[in-house]
Amino acid sequence: MRIPENFLYYLSMHESCTEPQLCRAEKLTTEDVELSPDPEAVVIRKMVCSVLAEIYRMRAFVRLKPLDDRVLYGYLKPRHKTGGDICRFFARRSPFTIIVLGNSLESWISLCAGGRMLQGNSGSLEHALEEISCLLGRVEKDRDLEEVWKVYYSSQYSPERRNIKAFHRRMPRDVLNRVDLEREQNVNGLTLSDFFDSD
Amino acid sequence: MVTLEKMAHLASGSCFDSLGQSTTNLPDSIYLNKEKLSALGAGTRYDICTSSGCSEVAGVCHSFTHDGRCISLFKTLYTNQCSHQCNYCTNASNCCKKAKVFSYSPDELARLTVSLYRSNYIEGLFLSSGAGRDEDVIMEKLIETARLLRNKFLFKGYIHLKILPGASFSHIREAMELSTRVSINLEAPSASHMSDLSSTKDYDNDILQRQRYVKDLMGSVGLPAGQTTQLVVGAGDESDREIFKRILYEYRELEIKRAYYSAFSPQGGTAFASKEPQPLWREHRLYQMDWLYRVYHFHPEEIEHAFDEAGNLPDSDPKAAIARELINGPVDPNAADYRDLVRVPGIGPISAHRIVAFRMRQKITRKNELASLGVIVKRAAPYLKINGWRDTTLDRWSA
Chain A
1 MRIPENFLYY LSMHESCTEP QLCRAEKLTT EDVELSPDPE AVVIRKMVCS VLAEIYRMRA
61 FVRLKPLDDR VLYGYLKPRH KTGGDICRFF ARRSPFTIIV LGNSLESWIS LCAGGRMLQG
121 NSGSLEHALE EISCLLGRVE KDRDLEEVWK VYYSSQYSPE RRNIKAFHRR MPRDVLNRVD
181 LEREQNVNGL TLSDFFDSD
Chain B
1 MVTLEKMAHL ASGSCFDSLG QSTTNLPDSI YLNKEKLSAL GAGTRYDICT SSGCSEVAGV
61 CHSFTHDGRC ISLFKTLYTN QCSHQCNYCT NASNCCKKAK VFSYSPDELA RLTVSLYRSN
121 YIEGLFLSSG AGRDEDVIME KLIETARLLR NKFLFKGYIH LKILPGASFS HIREAMELST
181 RVSINLEAPS ASHMSDLSST KDYDNDILQR QRYVKDLMGS VGLPAGQTTQ LVVGAGDESD
241 REIFKRILYE YRELEIKRAY YSAFSPQGGT AFASKEPQPL WREHRLYQMD WLYRVYHFHP
301 EEIEHAFDEA GNLPDSDPKA AIARELINGP VDPNAADYRD LVRVPGIGPI SAHRIVAFRM
361 RQKITRKNEL ASLGVIVKRA APYLKINGWR DTTLDRWSA
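Each protein sequence line maps, in turn, to chains A and B.
Under the numbering used here, the first residue of the first sequence is numbered 1, with each subsequent residue one higher.
Under the numbering used here, the first residue of the second sequence is numbered 1, with each subsequent residue one higher.
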């Protein structure tokens, strides 16, 4: 079964979820949402799956850069209200490190320390990073790993297995834009435009 | 909600609390020696792996190559120097087009892995290696890398270590204590096929015996994602049936978690450079066969129906071939048990479970109800009887 027990949590994150819809969904069981052919249950199922898919992909594709050795930050512009959840995921993955995710409009900040999850919001990503830099006092920017990653990524390319349709299906352009990942794929003399034009 | 000031204070005051030694300082050698990074990365291009089998730290694809394959692990060789004479491998000592020899140091590799992990490029490390001049020395280096990751950098991510052919029992134990998964490549389905592939590897002693060690240690050491193996498909002119029989032995007797198949592709400078490449569809059909056994729980005797007279899988869906042989009449989704449902093409384990759960609530009366449960109706319809109505007869369908 693909619908989780706490599906209401995910439904509430959907960009177009309303209070009345949430109230109606409370009366449904997980099995109703998973199996019922009722049109409203089908809509709720699609909404929950859409949120779950976004969380999965953003957790996979967001790239974090070090700002000092206690802060990691990355670009994120989710379609649904998933920013806080994704930020907390990275905070749990790197305890005692401040995680800052965001874009030009909003940002999410989390820190997992001593078993507690601390979280906050700020304005733009740039603004949040400036604020943190001021508070930490000393910020020695580490070198960007992007170049190292590009070399490694290129080394995994097997020309005889080239399958652009599979690549395109698994890394949709919309998702790449939401995490500013377009550059990563610009290797082996190819650009994303090459892939999309060829389809 | 807390203030940023509080977070900054906590983060500053907790240096070394959880991350072990500061990890973000990568040695300059990584930035300067991109040739090494590329050569040792390329050395694992034909090694197939996923970060699966362990729910805590696995299962996320962080990128995809241009062939659509998932990149979840930093997959690299420790060194591309090798004393083995494998006719398909560019790192082999008998390869006449030798690449420049590179090696990491355990510390360098551990720092690089942690940096890539923290920046969310990867979920963990897949570490393989050439055998170097002395297999024991290289095996120790692989273990040392894993030890640094776990003990010095307190790395919680996924570690998949390759066990080198002929590795000692004590090395295998140490590797298992530090890893999430270990693997030993079979490469071929039998000793005779292995002798075609390599003159230096002893199939029974170097490979099967080491797999038995892993199996025997599993009870006492534990290994969250178990052991796996990989075969080079078509390099030794073996049939698919021979591969299937070997894999059955691996699953049943050695309790491997899963097998990977890599279609042979000739490499310049190797003894097999002029050998014909294997079609990628052969690899795909072997994975389907493997899936039918491992996930769908088909009996081996049922899977036998998918092979042709020469013992190979044709380039068509093996499940459909088995269904044509074994499904004698239309299957009623309202009455059939899980076992019968999952044998219908277009119905997988998840949709079969959903059908069983759905029909306890209400009867299935329309094809679009099946579609909403995940059934590929176009493929399943010829085998189904829904509400007393059949799409087409099996006789017509197979004609």
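Check the hints yourself; a few may be wrong.
[Claimed, not checked] Output of the computed footprint for chain B on chain A, the stretches with three or more beta carbons under 8 angstroms from beta carbons of chain B:
1. 15 to 27
2. 31 to 43
3. 56 to 64
4. 67 to 75
5. 79 to 88
6. 117 to 127
Simulated from the structure, these hints should not be mistaken for lab results.
Glycine is no exception: its CB is placed at the ideal position from the N, C-alpha and C atoms.
The hints, checked one at a time:
1. Note: the segment 15 to 27 of chain A has 0 residues with beta-carbon separation from chain B under 8 angstroms; the three-residue rule is not met and the coverage is violated.
2. For the segment 31 to 43 of chain A, the assignment as covered by chain B holds, since 6 residues bring a beta-carbon within under 8 angstroms of that chain's beta-carbons and 3 suffice.
3. Judged by the Cβ-Cβ criterion of 8 angstroms, the segment 56 to 64 of chain A is covered by chain B as claimed, because 7 of its residues qualify and three suffice.
4. Check on the segment 67 to 75 of chain A: 5 of its residues sit with their Cβ under 8 angstroms from a Cβ of chain B, so the three-residue criterion for coverage holds.
5. Coverage of the segment 79 to 88 of chain A by chain B is violated [criterion: at least 3 residues with CB-CB distance below 8 angstroms; count 0].
6. Under a criterion of three residues with beta carbons nearer than 8 angstroms to beta carbons of chain B, the stated coverage of the segment 117 to 127 of chain A is upheld, 5 such residues being counted.
Hint check: violations occur at hints 1, 5; the rest are consistent with the structure.
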